[in-house]
Amino acid sequence: MTDYVELAELADSILAISDDDVAELVSVLDELEEGVRNELLVSDFLNAYQVFWYFFRYEPEILAAERLMLSSASSLPKGVLIEERDIYEIRFRVADAHPEMLVTDGEAELMTFRGKGAYRDAAEWVDSN
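All letters in the sequence shown, in the order written, are residues -7 to 121 by my numbering.
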């Protein structure tokens, strides 16, 4: 586990290098040692949008992007609501350094999708149900 102060300094350096360019941020994160990167991806130093971009490499819908930007990456182990469709909620979560999309009915977890296509797969599942 990386010291909190060291992690904060590293995050500051990475954010300065990337200069608010999320694609550049992802490039810098790709170069980090895996353990340190995984700590940053669920830390208070990044937001959930930056982590979403890291894993999926594309822009979510506007409302989802705004929700993610307003959520700290440290909330990702529990999951962040990014979309509501009918009675379903789609939540983004990071578990064991892997992206997951959870589909819930607001109370119970109905489906979990993992990997690069998880967001698309969750949306397709919701649309077909």
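Keep in mind that the hints were calculated from the coordinates and are not lab data.
Among these hints, one or two may not hold up.
Here are the computed distance ranges between Cβ atoms for each label pair [as the list claims (entries may be wrong)]:
hint, residue 1, residue 2, range
1, Met103, Ile54, 35 to 41 Å
2, Asp36, Ser120, 32 to 38 Å
3, Lys70, Val20, 22 to 28 Å
4, Asp(-5), Glu76, 22 to 28 Å
5, Ser67, Ala100, 19 to 25 Å
6, Val28, Ala87, 29 to 35 Å
7, Val(-3), Asn121, 45 to 51 Å
8, Ala0, Met103, 34 to 40 Å
Quick caveat: nothing in here was measured; it's all calculated off a predicted structure.
Backbone N, C-alpha and C fix where the C-beta goes; we use that ideal spot for every residue, glycine too.
Going down the list of hints, with the structure as the test:
Take methionine 103 and isoleucine 54: their Cβ atoms lie about 24 Å apart, and the range 35 to 41 Å is violated. In this structure the supplied range 32 to 38 Å holds for aspartate 36 paired with serine 120, their Cβ-Cβ distance being about 37 Å. As the Cβ distance of lysine 70 to valine 20 is approximately 26 Å, the hint placing it in 22 to 28 Å holds. Between aspartate -5 and glutamate 76, the C-beta spacing of about 39 Å breaks the proposed range 22 to 28 Å.
Between serine 67 and alanine 100 the CB atoms are about 20 Å apart, so this pair conforms to the stated range of 19 to 25 Å. About 19 Å separates the C-beta atoms of valine 28 and alanine 87, a value inconsistent with the hinted range of 29 to 35 Å. The supplied range of 45 to 51 Å is met by valine -3 and asparagine 121, whose beta-carbon atoms lie about 47 Å from each other. As the Cβ distance of alanine 0 to methionine 103 is approximately 36 Å, the hint placing it in 34 to 40 Å holds.
In summary, the numbered hints that this structure violates are 1, 4 and 6.
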